[in-house]
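If you're matching them up, the sequences are chains H and A in order.
Read in order, the letters of the first sequence are residues 108 to 648 in the working numbering.
Read in order, the letters of the second sequence are residues 108 to 648 in the working numbering.
Hints were generated in silico from the structure; no laboratory data involved.
Just to be clear, a hint being listed does not mean it is correct.
Identical chains blur together in the list; that is why a pair holds if it fits in one copy or across any two.
Claimed, not checked - List time: in silico EDC-like cross-link candidates among lysine to aspartate or glutamate, alpha-carbon distance up to 20 Å: (1) K524 / E280; (2) K606 / E357; (3) K144 / E361; (4) K433 / E373; (5) K433 / E299; (6) K366 / D629; (7) K411 / D429; (8) K640 / E357; (9) K524 / D164.
One letter stands for each residue in the lines below.
Protein chains: 2
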Amino acid sequence: MAKQMIADQMDLLSVPTNGQAKTPRNGKATAQSMAAKQREISVSEFFSRNRHLLGFDNPRRALLTGVKEAVDNSLDACEEAGILPEIEVALEQLADDRYLMRVGDNGPGIVKGQIPNIFGKLLYGSKFHRLRMSRGQQGIGISAASMYGQLTTGKATRIISRTGPRRAAHYYEIQIDTTRNKPQIVRDDEVEWEHGKGTQVEIEMEARYQRGRQSVDEYVRQTAVANPHLTLRYTPPGGKTVVYERSTKEMPPEAQEIKPHPYGVELGVLMKMLQGTPHRTLQGFMTTEFSRVSVRVAKEICEKADLRPNSRPKSIAREESDRLFKAINATKLMRPPTDCIAPIGEALLLQSLEQNVDAEFYTSTTRPPAVYRGNPFQIEVAIAYGGAIDTEGSIALMRFANRVPLLYQPSACAITKSLIDTDWRNYKLSQSANALPSGPLVVMVHMASVWVPFTSESKDAVAHYDEITKEIRLALQECGRRVGEHIGRARREAEAVRKKDYIAQYIGHIAGALHEITGDSDRKTRELANNLKGMLERSRS
Amino acid sequence: MAKQMIADQMDLLSVPTNGQAKTPRNGKATAQSMAAKQREISVSEFFSRNRHLLGFDNPRRALLTGVKEAVDNSLDACEEAGILPEIEVALEQLADDRYLMRVGDNGPGIVKGQIPNIFGKLLYGSKFHRLRMSRGQQGIGISAASMYGQLTTGKATRIISRTGPRRAAHYYEIQIDTTRNKPQIVRDDEVEWEHGKGTQVEIEMEARYQRGRQSVDEYVRQTAVANPHLTLRYTPPGGKTVVYERSTKEMPPEAQEIKPHPYGVELGVLMKMLQGTPHRTLQGFMTTEFSRVSVRVAKEICEKADLRPNSRPKSIAREESDRLFKAINATKLMRPPTDCIAPIGEALLLQSLEQNVDAEFYTSTTRPPAVYRGNPFQIEVAIAYGGAIDTEGSIALMRFANRVPLLYQPSACAITKSLIDTDWRNYKLSQSANALPSGPLVVMVHMASVWVPFTSESKDAVAHYDEITKEIRLALQECGRRVGEHIGRARREAEAVRKKDYIAQYIGHIAGALHEITGDSDRKTRELANNLKGMLERSRS
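Sequences and hints are given; from them, build the entire structure.
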């Protein structure tokens, strides 16, 4: 305790004034002059200088990232509150390189006191400290978009939110004090608002709007595909409003919050949990702070670790924790519960794909839940083949994580890698070495998890965990086989038609020759020809 | 001011107790129940869950990242203090998947009060808030290594540091309180230490040691290549100590700290600087807080922006800042000063490469300094060709940023991309489409800058800025041309030798034939043959 206090006091001293520093002799630094320069770096300062890590590295991507973060939050809020989401996205060009993005929802609204922190403080949110599937997870996204807007235009983020028709609609203008990572309230008013409930955010930013791959248009379209319960109105700059109507009124199954699974917990985290628990016995701690630890299992673990089930968690020493950790990992445990993840489902995936892609064959699969590092996850794949799909070049791959389309960094993503590593020639598709297959194929891959391991804060690519790539590969293989069967069937049918046509050309001649040999009447010859045709039909059908 | 206070008060309330939350009806969340769950996330919690972003995603890479962060700090400290660096790196295997890393230096040491924060607090350091070339820049590295060790082993990081032979050597054991991102001091002692000055850090971690590409061995070797003034003793697990002796006693030129260049400053940052400056006139602000703004230039900018040079910076409104920002970018300014970057230099690069690679041809180039987003940077390339270099497969590429070898994520790096985008067939090397050239080539590329834009916190790959890739390409082309000339010369020489040998075979016969025709003496014939040989030599040399 005393030591902790010392550390705290030192922390207060951690931004020394320049007066403390001795002038270095001969211009070189000394330990003392260097100490005087040590400072705390606020997380906002860090990310404002490293904003490419958050997806704000160029004006085009910034526009997409801003929209994506706002829509993620709207969808999460609606689903958590059990409201069928209706979202409006509008982009307006203000100058050559300046745009206004507006995203509004019919969600539960945000209570007044929370608005400034949610939009004006990085690393603030409700989703980080729980294990539950959601789009946002880090508490960075929307405040980073605010910060980017402020950095590039100097303008404050404007928010309107209302938690019910009989409550006031609050209007805020907020900036971020990046030195302290705190919201600065520029305006705070009650306003008239036509919506009874919901939140709307407006951010002005340096941006570029451009159609095509990796555009806001594409993001909006794919979001509609992965969220069939969503109605989305989208107005591109200077364009007409496009409405993506929901195709189902059924909300996704509600994802439950779960306790961590013991297999995914590291020694250091276990020790921290032991120190922080309110439980007075090891057994109570084990059975309530983890999932899948029954009283029987807790006793088994304690025995293996040579610890008493009724020992006090706080009094467990480092070496004992180490034994406990090893005992946990040497004990057979049930897999984590999986009601914490809500896949889209094979039927809705198929329906979505059919609505959005004009093909001749569709198939989908939802894998059973699996686990990486103690985190449950589930992989889904849907494939459309043939029809109006472009046959030139590589196939179209749509990647999703927790129903959010991933548009950037495809080559860094475990989904792309799994697709490349699958041998599509087994399924009658052509594929060069280390490349995506080619042909008229649209592939949709969805990873749903309580914690998607992204390769960067911008959340564009899934990291390479063996357990994850394996599941993706299995799902791709399952759908791939069906596509291969379809292609095989289609080819056989085409071949049969070709042969039949070929033989049919000769039926007249054969009948004629028989007529000459047998001397039958013309009618008999026609009958014979018809019989031959009939046999041909039957043999090939 | 009043508004800021409100924000501060709300911040105090930002971790609400559960008592504040209303129980949601029908189990669905409401704005109120959601507000109760909003919490601040500490940067340590964030990075401990996202530690793959910092380079700690698997045990093998974790070992490398830990060593790298410690060596970076040691080298920075030595150079800043003007001390020729002597660094010791030792790895010790403690269990199957557990290693102890120890890195010690002869640097200036760390003053006692700073030790806990430097090793036990993320986003803390002296290098973030200044523009000056250094290896570390974010204040995350070594404390992240501490945190990883603690997470995976529960053990504290052990530090010894001493700022001079007549001062005490301080020994600390430190852990990170990840919930608050603060150091916890486990032990704090004065100890006997054989070194008069310096710092040593020991971290125990879950790790894997493996030789080859991306290994600690390779990192150490490349670090010696890029830092010819460094003596490095390296002891691999269970192995013999390898000593990389320095090849020069000359310290790298001292990199100066610079003020930001006006071209690299964004509108939001400019506004923040205007608010925060102690200067009382716009002109004073412009000339002292930026580089390359003379009184004349400041006046020119003010005139263009329709602002008075003696207006108070704090009183400049948003619209006026916007005008100022546009005026700055419409005014011709000198490029930033470049004494803030210290390239390795063509001569030392060549010498390093010659010492480390056995080739037949070496060349190097250091480009003049250039600027991206207001940040000065400089590109250097050195190439070794032929000799004992493996001719099979792709070439060997060594990437460096501020003298630090980059071993991971080559495909995400602007250096690799520039190498692939260069047409090496122009330089008589073979190269497939979208691939590295192949042949007996070792290429070393170094980017030196006051701020290297990395693609992730683990600092493994340089982000794609057009200005940077252009400079890399120009440097590669320059060296490439020389390699091409060398290859051409070597081929011509080989060809000439071949032809000469071919003709030489016939000289005797020709001389003999002449002898028969002219009937000259044998001596004359020999003379003739020698003359012919002489002519041949002269014609081909």
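Results of checking the hints against the structure:
Proximity of K524 to E280 under the C-alpha cut-off of 20 Å is found in neither arrangement, the shortest distances being 43 Å within a copy and 42 Å between copies. In this homomeric assembly, K606 and E357 never come within 20 Å of each other (Cα to Cα): the closest approach is 49 Å inside a single copy and 84 Å across copies. When the C-alpha separation of K144 and E361 is checked against a cutoff of 20 Å, the pair qualifies only between copies, where the shortest distance is 18 Å, while the shortest distance within a copy is 50 Å. In this assembly of identical chains, the alpha carbons of K433 and E373 lie at most 20 Å apart only when taken from the same copy (10 Å versus 52 Å across copies).
When the C-alpha separation of K433 and E299 is checked against a cutoff of 20 Å, the pair qualifies neither within a copy, at 60 Å, nor between copies, at 36 Å. For the homomeric pair K366 and D629, neither the shortest alpha-carbon distance inside one copy (85 Å) nor that between copies (105 Å) is at most 20 Å. When the C-alpha separation of K411 and D429 is checked against a cutoff of 20 Å, the pair qualifies only within one copy, where the shortest distance is 12 Å, while the shortest distance between copies is 68 Å. When the C-alpha separation of K640 and E357 is checked against a cutoff of 20 Å, the pair qualifies neither within a copy, at 52 Å, nor between copies, at 95 Å.
In this assembly of identical chains, the alpha carbons of K524 and D164 lie at most 20 Å apart only when taken from different copies (18 Å versus 24 Å within one copy).
Going down the numbered hints, you'll see the structure goes against 1, 2, 5, 6, 8, while the others check out.
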